[in-house]
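Since the structure of chain A is provided, determine the placement of chain B on it from the hints.
Residues per chain, in single letters:
There are 2 protein chains.
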Amino acid sequence: MQFVLRLDEVIRNKKSLLCVGLDTVMEKMPVALRSQPDPLFAFNKAIIDATAPYAAAYKVNTAFYEAYGLEGWRALERTFRYLPADVIRIADAKRGDIGNTSKMYARAVFEQLGADAVTVNPLMGTDSVQPFLEQEEKGVFFLCLTSNAGSADFQHFSDGKEKLYERIARQVQKWNVRGNCGLVAGATHPQELGALRKLTPELPFLIPGIGAQGGDLERSVRLGTDENGLRAIYNSSRAILFASDGEEFAAAAGRAAQETQQALQKANVK
Amino acid sequence: MQFVLRLDEVIRNKKSLLCVGLDTVMEKMPVALRSQPDPLFAFNKAIIDATAPYAAAYKVNTAFYEAYGLEGWRALERTFRYLPADVIRIADAKRGDIGNTSKMYARAVFEQLGADAVTVNPLMGTDSVQPFLEQEEKGVFFLCLTSNAGSADFQHFSDGKEKLYERIARQVQKWNVRGNCGLVAGATHPQELGALRKLTPELPFLIPGIGAQGGDLERSVRLGTDENGLRAIYNSSRAILFASDGEEFAAAAGRAAQETQQALQKANVK
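These protein sequences, in sequence, are chains A and B. Throughout, this note's numbering is defined as the position within the first sequence, counted from one, plus 2. Throughout, this note's numbering is defined as the position within the second sequence, counted from one, plus 2.
Isolated chain A (complex conformation) (with noise of 0.2 Å):
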C-alpha cells in the first residue's frame, strides 16, 4: 500500500491529526527515572503507553538518542520496536548524502529501525533522495520550509519567480512517482502553509511547530490540511513529554496529548 493511503487510513481509524514527538532529554525527566537501566526508554514506554490512544503518528528525533552513544543508540531502537503498529513511526532524521550513502542511511532507518517514514533534507538533489524513495509504502517528508527562524536565510531565497521552498515543493511533486514523499513544513508560517497546499494538493505534510514552537493550531490545521481533513500532520514534542516532570508524568502527557488531538479535530472542520 503506497505510504500516503497508509496515512489517509490511520489518520481515519484514530481519528486524530497529532503526532507525538519523542525528543527525549535526560534532565528533564523525573529523577526516578533517572537511576534506572535505560531511562531514555523507560521513559518514552511511559509516554507511549499513555498517548497512543490519541497519536496517529509518532516522530523520534534520532538526535536526542545519538547524544547519548551507543546507550542512546539501544534506546533508539528500543523504542521503535514498542511502537504501536497502528500508527506511522517516524525517523526524525533530516538525512540526505550522494546516493551511495543515502542507500546506507536508507537502510538504517527502513530496515535497521523499521520506521515507517524519514525526514530527508533535499539540498544534494535528485539523486540524493532516490535511495529513499525505493519502497511506495515507506514515506519520506522532505524539508521544505521550516519552522525556526533561520528558514529565512536560505529558503526564501527566490529567482524572482519562486521562492527556494517552493521551488523543493514542486521537485518533491516529481519525485512522487509511488505516493510516497512529503513536505515538512512548519505551523509558524501558516499562510505559507496555506500557499504549499494549493502548490501541492496531494501530498502529506508533516507539521512542526504547534507546541512549545508557539504556531498557530487553528489556522496551520485549516490551511495545512487537504480537502477532506486529511494528509497532514501536527507534531507536538515538549508540550506534551514533559507536560510535568513529577511522578505524575506520564498521566499529564497523556491529557497533553488528549487535549491536543481534541483541539486539532476540533480545528479540522473540512
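Where hints are given, some of them may not hold.
Identical chains share a label here; the pair holds if one copy fits it or two copies do between them.
[Claimed, not checked] Below, in silico cross-link-like pairs of lysine-lysine (DSBU-like), each with a Cα-Cα straight-line distance of 30 Å or less: (1) K30 / K140; (2) K176 / K140; (3) K17 / K200; (4) K105 / K30; (5) K140 / K105; (6) K47 / K140; (7) K16 / K140; (8) K17 / K165; (9) K163 / K176; (10) K268 / K165; (11) K200 / K16; (12) K140 / K17; (13) K165 / K200; (14) K17 / K47.
Calculated directly from the structure, the hints in this document are not laboratory data. Keep in mind the model is a prediction, meaning the values are calculated, not measured.
Quick look at chain B alone, frame taken from chain A:
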C-alpha cells in the same frame, strides 16, 4: 587553538592534503574479515594502520555504520577512538536541525564520538547551525557545492546576482567568527571551486570527489588550495579502501593512499 590553524599545522606536519574516507561496506571487504567479531572496526583498524603516514585527515561517514544498527554504532565509536591524534578526525554526518536538536547532534559528534570536525547541512539557517559553532577548536564543514549530479537541482538556484551555493558560502563566512567554519565543495566542479576560493579566501575546503567520483585532481588542487597551498583537504574513500579485496587489502590501501598523497603534493605547487 582555532580549528583552521590546527588544520594548517596538520597539513604542514604531515605534508599531506589527503583525507581518507572510511565508507566501510561489509560486502566489499575481504571475506576472511567478515567473520570477525567486529568486522567494520577490524577493517578500519587495518586501513588506518596502513594509511596513517599519508593522511592529514580521516572522514568517517556515519551512514555506513548506522546501516548496521547497534553493532555499527559500536564500530563507529571504536573507529574514532582508534584514529591517531595527529590527524583531523571528521564525522561526515551532514546533520542540521532546529537549535535544540542541533545541540544534541553537536554533543553526539564532538563529545560522544570525539570528532574534531563535522559536516553540516545549512538549509535550516543560522539558528540551526549555531550549536555546532560554540567551540573554536571544533570545525564545521558546511555543504555548499556538492560533488554529485543532483547538486544542480537546488544549489545552482539563482536570484540573478548569485547562486544558492554562493550565498551559502558568503553566509558561512559570516558564521566564521571563531575560525572554525569551512565548506564542502566537490572536485567534480573545479571551475566553481576556484570561484569559491576567491569568494572566501580564508575558509578551509573539504573536497570530495577525487577518487571513484572521477573529479579532476590536479585542477581542483590548483584552484582549491589558498595562496600558501593550504586550507583544502581532498577526500578519497572507495579508491583507497577497496583498492584490493584480497588478503593484501591493507597494503594495497596504503599504496593507493601514498600515491594519492603524492599526486596531491605534486599538484600543490604554491
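Going through the hints against the structure:
no. : hint        : in the structure
1   : K30 / K140  : between (32 Å within a copy, 27 Å between copies)
2   : K176 / K140 : within (17 Å within a copy, 39 Å between copies)
3   : K17 / K200  : within (24 Å within a copy, 57 Å between copies)
4   : K105 / K30  : between (35 Å within a copy, 15 Å between copies)
5   : K140 / K105 : both (14 Å within a copy, 28 Å between copies)
6   : K47 / K140  : within (24 Å within a copy, 35 Å between copies)
7   : K16 / K140  : within (20 Å within a copy, 46 Å between copies)
8   : K17 / K165  : neither (34 Å within a copy, 45 Å between copies)
9   : K163 / K176 : both (19 Å within a copy, 27 Å between copies)
10  : K268 / K165 : neither (32 Å within a copy, 44 Å between copies)
11  : K200 / K16  : within (26 Å within a copy, 56 Å between copies)
12  : K140 / K17  : within (22 Å within a copy, 47 Å between copies)
13  : K165 / K200 : both (15 Å within a copy, 27 Å between copies)
14  : K17 / K47   : within (22 Å within a copy, 53 Å between copies)
The structure does not agree with the numbered hints 8, 10 stated previously, though it agrees with the rest.
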